[in-house]
Amino acid sequence: MITKKEIAEHLGISRTAVSLVLNNTPSSTISIETRSKILQAAKELGYRDVESSPKLCFILYERDANDPRYMRELHLVEQAASRHGYGLIYMNVTNAPESMDKLRKALDSKEIDGSVVSGDVDEYLIRVLRGYPPPFVLLGLPLKDNIDDLSYAMTDDVKLAYDATRYLISLGHTRIALFTGSLDYKIHQCFLQGFGQAYEASGITLDKSLIQISNEENGYELCKRAEMLRLDYTAVFCANTVIQFGVLQRLQVMGVSVPDDVSLISAGFTELAKVSVPQLTTYYVEETAKAEVVTMLVDLINRPASGRRTCSFTEFSRHEGGTTGPRKG
Numbered sequence: 001m002i003t004k005k006e007i008a009e010h011l012g013i014s015r016t017a018v019s020l021v022l023n024n025t026p027s028s029t030i031s032i033e034t035r036s037k038i039l040q041a042a043k044e045l046g047y048r049d050v051e052s053s054p055k056l057c058f059i060l061y062e063r064d065a066n067d068p069r070y071m072r073e074l075h076l077v078e079q080a081a082s083r084h085g086y087g088l089i090y091m092n093v094t095n096a097p098e099s100m101d102k103l104r105k106a107l108d109s110k111e112i113d114g115s116v117v118s119g120d121v122d123e124y125l126i127r128v129l130r131g132y133p134p135p136f137v138l139l140g141l142p143l144k145d146n147i148d149d150l151s152y153a154m155t156d157d158v159k160l161a162y163d164a165t166r167y168l169i170s171l172g173h174t175r176i177a178l179f180t181g182s183l184d185y186k187i188h189q190c191f192l193q194g195f196g197q198a199y200e201a202s203g204i205t206l207d208k209s210l211i212q213i214s215n216e217e218n219g220y221e222l223c224k225r226a227e228m229l230r231l232d233y234t235a236v237f238c239a240n241t242v243i244q245f246g247v248l249q250r251l252q253v254m255g256v257s258v259p260d261d262v263s264l265i266s267a268g269f270t271e272l273a274k275v276s277v278p279q280l281t282t283y284y285v286e287e288t289a290k291a292e293v294v295t296m297l298v299d300l301i302n303r304p305a306s307g308r309r310t311c312s313f314t315e316f317s318r319h320e321g322g323t324t325g326p327r328k329g
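Per our numbering, residue 1 is the first one in the sequence shown, and the count goes up by one each step.
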C-alpha cells in the first residue's frame, strides 16, 4: 500500500505537506495548486483513504495548525495509529463557537473511535470531550488541577529542565538564563521548577533577573529584552525550539557567536532543530516512547471498563546540535 512518505518523495515535497492535505488539515499555508497535486498523486498511486479504516483523531487545541512543535507529534501519532490498523483525522480546534461546533459534530458522528489531544488544553475542552462517548488521552498535561480521572501521557518537564540545565553547568556555565512562556501554563511552571533545582543542586546562586518570560514565546524579543536589561549570561535554557530559534537569530544579528559566546539548549525536538544553522541542541523524548499514547488510547477503546491510563516520560535524549559548548574565559 502506498504511503504518505512515498507520495512526498514522488512529488519532491515535504511529508508534512502531504500529511496536512491528506488529513484534511485546514491549513492556509498550502497553496491550492500544491493541494491539487497531492490529491491527484494520491489517487494515481493508489493511496487508501482513511475512510476505509477505523479512525482516531488528533486534536490540536488553541495552537497554529503548522506549529512545528506539534507537527512532529502529528506524524508520530499517525504512524503509531497505522501500526494499530487505524487511520487518522487531524482537527485544529480553537475555543471559538464555530470551531467547537465542528468538533462536537465530529465526536457525535460515531466516525471517531478515540482521540489524542494536544496543545493548550483547558477545562472547557475537557468538558466538551467528556460529553461524548469516544475516549481520549492527553499528550502532555497542561491542566493545573482536576486530572484525577483523565488519561494522559506526559513528559516530566521538571526533570527535563533539570537535566538540560545541569548539562550546561557541566560545561562550566554559571550564568544561565531561562527564556520561557507564560507561567499560566503548567509546562512553564515545571521548567522554572527544574531550572531552579539544577542551580540549587550545583550550589550556584540563581540571579532571578535571568528568568525572562514572554506570553508570545518570542525568543527574538526575549533576547532583545535581555540586551536592554544588560543581563550577563553565557548560556540559555529555552522552553522550546521556537524560542531557541528566535534567540539564535537575534544573537547572530548582534554578532554574538553561538556557542563560543553564548550556549543555547531547549526542550523538545522539531524540524527547526534540524534546519537551523547551526542545528539546535535539545533535550527530548524519543519517538518510540511517545508512541505509547496511541497504545494507551487503543487499549481504552478495546477495554473501556478497565480504568484510566497514565504514563510519565522521565528519560531524555540529547540532540547534539551545534548550539552548546564549554564556557570560554
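These aren't lab readings, by the way, just hints derived from the structure by calculation. Because the structure is a prediction, the values reported are computed rather than measured. Heads up, the beta-carbon is just placed ideally off N, CA and C, and yes, glycines get one too. Treat the hints loosely; a few may be bogus.
[As the list claims (entries may be wrong)] With a straight-line Cα cutoff of 16 Å, these simulated EDC-like cross-link-like pairs (lysine to aspartate or glutamate) come out:
hint : residue 1 : residue 2
1    : 186       : 122
2    : 43        : 6
3    : 55        : 299
4    : 159       : 315
5    : 37        : 62
[Said to hold, decoys possible] Simulated restraints, written as ranges between beta carbons of each label pair:
hint : residue 1 : residue 2 : range
6    : 95        : 312       : 22 to 30 Å
7    : 227       : 5         : 37 to 45 Å
8    : 3         : 215       : 34 to 42 Å
9    : 328       : 79        : 50 to 58 Å
10   : 322       : 204       : 20 to 28 Å
11   : 260       : 295       : 19 to 27 Å
Comparing the hints with the structure gives:
Between residue 186 and residue 122, the direct Cα distance comes to roughly 11 Å. Compliance with the 16 Å bound is thereby established for this hinted pair. For the hint linking residue 43 to residue 6, the alpha-carbon distance of about 13 Å falls within 16 Å, and the restraint holds. Proximity of residue 55 to residue 299 is assessed by CA-CA distance (about 14 Å); at most 16 Å being required, the pair is judged to hold. At most 16 Å may separate the alpha-carbon atoms for a hinted pair to count; residue 159 and residue 315 meet this at roughly 9 Å.
Annotation: proposed proximity of residue 37 to residue 62 is violated, straight-line Cα distance about 29 Å (limit 16 Å). Checked against the hint of 22 to 30 Å, the pair residue 95 and residue 312 passes, with Cβ atoms roughly 28 Å apart. At roughly 43 Å, the beta-carbon separation of residue 227 and residue 5 lies within the given 37 to 45 Å, and the hint holds. Roughly 39 Å separates the CB atoms of residue 3 and residue 215, a value that falls within the hinted 34 to 42 Å.
Distance hint for residue 328 and residue 79: a CB-CB separation of about 42 Å, inconsistent with the stated range 50 to 58 Å. For the pair residue 322 and residue 204, the supplied restraint of 20 to 28 Å holds, since their beta-carbon distance comes to about 25 Å. Remark: the range hint 19 to 27 Å for residue 260 to residue 295 is contradicted by a beta-carbon distance near 44 Å.
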